[in-house]
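Here the protein sequences line up with chains S and V, keeping their order.
Heads up: the first sequence at position 67 corresponds to 67 in my numbering, and the numbers run straight through without jumps.
Heads up: the second sequence at position 45 corresponds to 45 in my numbering, and the numbers run straight through without jumps.
For the record, the hints were derived by calculation from the structure and aren't laboratory data.
Fair warning: there could be bad hints in the mix.
The calculated SDA-like cross-link candidates involving lysine to any residue, where the alpha carbons are at most 25 Å apart (straight line), are [said to hold, decoys possible]:
hint, chain 1, residue 1, chain 2, residue 2
1, V, Lys280, S, Arg65
2, S, Lys222, V, Lys280
3, V, Lys255, S, Lys222
4, S, Lys164, V, Phe162
5, V, Lys334, S, Lys222
Derived DEER-like restraints, expressed as beta-carbon distance ranges [claimed, not checked]:
hint, chain 1, residue 1, chain 2, residue 2, range
6, S, Gly122, V, Glu350, 51 to 59 Å
7, S, Ala44, V, Asn232, 51 to 59 Å
8, S, Pro27, V, Asp279, 33 to 41 Å
9, V, Asp172, S, Trp73, 53 to 61 Å
10, S, Pro119, V, Asp172, 45 to 53 Å
11, V, Met412, S, Ser96, 31 to 39 Å
Built from N, CA and C at the ideal position, the CB exists for glycine as well.
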Amino acid sequence: MARAVTNRRKLVFTLVAWTLALLIFFPILWTVLTSFKSEADAIASPPKFLFFDWTLENYTTVQERSDYARHFWNSVVISLGSTFLGLLIATPAAWSMAFVPGKRTRDLLMWMLSTKMMPAVGVLVPIYLICRDLGLLDSRTALVVILTLINLPIIVWMLYSYFKEIPGEILEAARMDGASLRSEILYVLAPMAVPGIASTLLLNIILAWNEAFWTLALTAAKAAPLTAFIASYSSPEGLFYAKLSAASTMAIAPILVMGWFSQKQLVRGLTFGAVK
Amino acid sequence: MTVSIRALLGATAVCALTAAASAETVTIATVNNGDMIRMQALTDDFKAKHPGIDLEWVTLEENVLRERVTTDIATGGGQYDVLTIGTYEVPIWGAAGWLVALDDLPADYDADDLLPAIRNGLTVDGKLLAAPFYGESSMVMYRKDLMEKAGLTMPDAPTWDFIKQAAAAMTDKAGEVYGVCLRGKAGWGENMAFLTAMSNSYGARWFDEAWKPQFDSEAWKKTLTDYLELMNAYGPPGASSNGFNENLALFQQGKCGMWIDATVAASFVTNPKDSTVADKVGFALAPDNGLGKRGNWLWAWSLAIPSSSDAPDAAKAFVAWATSKDYLALVAEKEGWANVPPGTRTSLYENPEYAKVPFAKMTLDSINAADPIKPTVDPVPYVGVQFVAIPEFQGIGTQVGQIFSAALAGQMSAEEALSQAQALTTREMQAAGYVQ
Chain S
1 MARAVTNRRK
11 LVFTLVAWTL
21 ALLIFFPILW
31 TVLTSFKSEA
41 DAIASPPKFL
51 FFDWTLENYT
61 TVQERSDYAR
71 HFWNSVVISL
81 GSTFLGLLIA
91 TPAAWSMAFV
101 PGKRTRDLLM
111 WMLSTKMMPA
121 VGVLVPIYLI
131 CRDLGLLDSR
141 TALVVILTLI
151 NLPIIVWMLY
161 SYFKEIPGEI
171 LEAARMDGAS
181 LRSEILYVLA
191 PMAVPGIAST
201 LLLNIILAWN
211 EAFWTLALTA
221 AKAAPLTAFI
231 ASYSSPEGLF
241 YAKLSAASTM
251 AIAPILVMGW
261 FSQKQLVRGL
271 TFGAVK
Chain V
1 MTVSIRALLG
11 ATAVCALTAA
21 ASAETVTIAT
31 VNNGDMIRMQ
41 ALTDDFKAKH
51 PGIDLEWVTL
61 EENVLRERVT
71 TDIATGGGQY
81 DVLTIGTYEV
91 PIWGAAGWLV
101 ALDDLPADYD
111 ADDLLPAIRN
121 GLTVDGKLLA
131 APFYGESSMV
141 MYRKDLMEKA
151 GLTMPDAPTW
161 DFIKQAAAAM
171 TDKAGEVYGV
181 CLRGKAGWGE
191 NMAFLTAMSN
201 SYGARWFDEA
211 WKPQFDSEAW
221 KKTLTDYLEL
231 MNAYGPPGAS
241 SNGFNENLAL
251 FQQGKCGMWI
261 DATVAASFVT
271 NPKDSTVADK
281 VGFALAPDNG
291 LGKRGNWLWA
301 WSLAIPSSSD
311 APDAAKAFVA
321 WATSKDYLAL
331 VAEKEGWANV
341 PPGTRTSLYE
351 NPEYAKVPFA
361 KMTLDSINAA
371 DPIKPTVDPV
381 PYVGVQFVAI
391 PEFQGIGTQV
401 GQIFSAALAG
411 QMSAEEALSQ
421 AQALTTREMQ
431 AAGYVQ
């Protein structure tokens with residue numbers, strides 16, 4: 001009897017999980033499908049789901065009109081650059097906060113998080129002026145620095161909570177066995193921290209890849225990443241939904257593939273420490 | 001030895017100079033509209049004529065572009081050499097001294113050939129500050145077959161009463177055909193563009209000569225009541241979220257009897273590739289009420305050079321090329337007359353080839369029927385047909401648009417909407433210092 005209930009429960013949970021997953025995935029699926037339609041099919045009502053004339057025309061047009069490779073490369077440089085720079089600054093900071101906390105560590109962490117509460121547009125003009133004066137408008141350097149600063153609180157917080165999970169007793173035991181500081185960090189701490197660092201890294205690449213306020217506001221032609229590539233296909237006076245979908249699919253494909261392959265790491269990292 | 005070193009240095013200097021000269025880059029910020037995309041594809045012609053100038057394109061969605069370009073120009077960022085802006089920005093930015101005057105264009109440019117209505121909208125203190133790339137007005141697009149079925153004939157210059165009568169006769173809600181499709185989506189460039197233009201033909205205005213808001217006037221009440229009645233009785237469901245694109249999709253699928261919107265839509269709805277009603281579309285002037293003003297707007301996407309540009313001469317060469325008579329001829333040769341950017345030059349409308357395009361005459365007549373300097377029946381202190389060319393208008397227009405959109409969605413009555421609009425506009429205008 002108890003077993004039957006569990007099975008039925010399992011079935012219900014599975015169904016709910018699938019429905020939710022499909023619901024969340026549907027917009028992406030619809031974008032991908034639309035990218036293979038003609039503009040007329042894209043706006044057809046009732047909407048056409050799978051039975052339409054599949055075409056690659058939108059991809060050809062997008063390819064002809066824009067330099068995908070350049071936008072892609074800018075996105076790669078900006079997201080990887082800002083993530084690595086962020087990790088470089090945040091790892092030592094989180095490390096010291098987790099293992100050698102001071103009186104003000106908690107306040108400091110809260111204060112860092114509070115910077116995320118300000119709307120970005122509030123500092124648009126000052127940052128724009130700083131970039132102008134430093135000659136950094138439309139440069140990847142400016143975006144790497146700004147995205148690093150924006151994501152830094154999240155990186156520090158994530159790393160801090162992962163490091164907190166590592167029991168100090170293990171380090172003590174290592175010391176008892178005569179491990180030097182170097183081997184303590186290298187052979188005891190590092191292996192335990194790797195999943196946390198990896199998932200922080202992945203999440204930040206995704207955040208930086210999708211960032212669409214600063215990347216649009218501070219670039220023009222040279223440093224424009226894929227967010228600008230998508231924005232160039234949106235139009236209030238003209239139905240270019242199929243082309244817009246093709247551009248969007250091309251822009252999200254790399255990060256989607258990366259997310260797919262690293263989902264184990266991502267999920268593990270994100271739930272790390274959630275269940276005690 | 002010394003000689004050869006000198007020669008080498010000299011040669012290097014020459015190379016460096018040539019490199020600097022050939023590397024003059026003009027960065028153009030533009031929108032993703034059909035005519036602009038065509039222009040990008042035709043730039044080889046410009047490069048052949050000006051081998052020393054490289055072009056970089058930044059294409060953005062209209063509202064993103066406006067934000068982006070405004071930030072750059074207000075802070076003197078100097079990222080762009082050519083801006084694509086409209087008739088709303090030119091008077092404001094021109095007065096702020098942000099734009100380079102275009103009064104020294106080459107003689108063969110023939111600035112006198114520009115349509116007077118368009119040219120006036122782009123001139124500040126007697127100086128042309130932007131060159132029109134394409135002009136648009138609004139007009140009635142209607143289904144000839146449905147009109148015939150309803151036993152009516154659309155006059156070239158209909159009245160609002162006729163529009164009401166035709167909408168009633170054409171509506172077949174069971175067959176998903178709606179008599180009239182109008183903009184309902186909130187925004188100063190969305191529903192307020194339409195409603196402001198409509199209100200002009202009802203004798204309404206945004207402000208009186210002392211900048212006092214006029215939403216408490218009888219003319220506005222009549223405008224909004226008629227609009228709501230038309231849309232509630234004969235409009236498509238969910239109209240409060242319909243903008244240009246949504247109505248275009250409905251019209252192309254044969255679900256609208258009439259659609260009053262931008263003249264640029266004519267080339268979309270008559271294109272058999274995208275439109276199911278391509279061969280059944282007729283055109284008429286925007287309606288009036290016999291008061292001397294029609295309900296059509298005027299907009300010109302124009303090319304301007306910001307004063308922060310570091311290559312103003314190269315930028316001027318580009319602007320002159322893109323808005324010249326030769327450019328129109330080039331598009332006609334490569335893409336056909338129907339795709340020529342409309343509404344900028346008198347000579348285009350005198351061309352017998354262009355006269356064969358079905359919507360050519362109606363577009364010109366619509367543009368000529370709008371006057372940005374005297375947009376309303378009663379005098380007003382502002383420039384602009386479907387907008388008020390003051391910096392505060394974007395914010396006020398969008399908020400009033402939200403109120404009217406809510407009224408269309410049935411959340412409040414016309415009276416409530418108007419009194420809210422009046423209160424809001426009065427408050428904003430007081431805060432901005434226009435009225436006490």
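CB-CB spacing for S/Trp73 and V/Asp172 relative to the 53 to 61 Å hint: 54 Å, holds
V/Lys280 and S/Arg65 were given as a pair; does the straight-line alpha-carbon distance stay at or below 25 Å? Judged against 25 Å, a Cα distance of about 32 Å means the pair is violated.
Consistency of beta-carbon spacing, S/Ser96 to V/Met412, with hint 31 to 39 Å: 58 Å, violated
Agreement of S/Lys164 and V/Phe162 with the hint, judged by alpha carbon distance not exceeding 25 Å: Violated. S/Lys164 to V/Phe162 sits at ~75 Å, over the 25 Å cutoff.
Please verify whether V/Lys255 and S/Lys222 have alpha carbons no more than 25 Å apart. At roughly 44 Å apart (the allowed maximum being 25 Å), S/Lys222 and V/Lys255 break the hint.
Within 45 to 53 Å: is that where the Cβ-Cβ distance between S/Pro119 and V/Asp172 falls? Roughly 48 Å apart at Cβ, these two residues keep to the hinted range, so it holds.
33 to 41 Å was suggested as the range; check whether the CB atoms of S/Pro27 and V/Asp279 agree with it. Cβ of S/Pro27 to Cβ of V/Asp279: about 36 Å, so the range 33 to 41 Å holds.
Holds or violated: S/Lys222 with V/Lys280, Cα cutoff 25 Å? 46 Å, violated
At the C-beta level, are S/Gly122 and V/Glu350 separated by a distance inside 51 to 59 Å? 53 Å Cβ-Cβ, so the 51 to 59 Å window holds.
Given the proposed pairing of V/Lys334 with S/Lys222, does the C-alpha separation stay at or below 25 Å? Not OK: V/Lys334 and S/Lys222 at ~30 Å, beyond 25 Å, violated.
Just to be sure I understand the hint, the distance between the Cβ atoms of S/Ala44 and V/Asn232 should be within 51 to 59 Å; is that true here? 27 Å, violated
In summary, the numbered hints that this structure violates are 1, 2, 3, 4, 5, 7 and 11.
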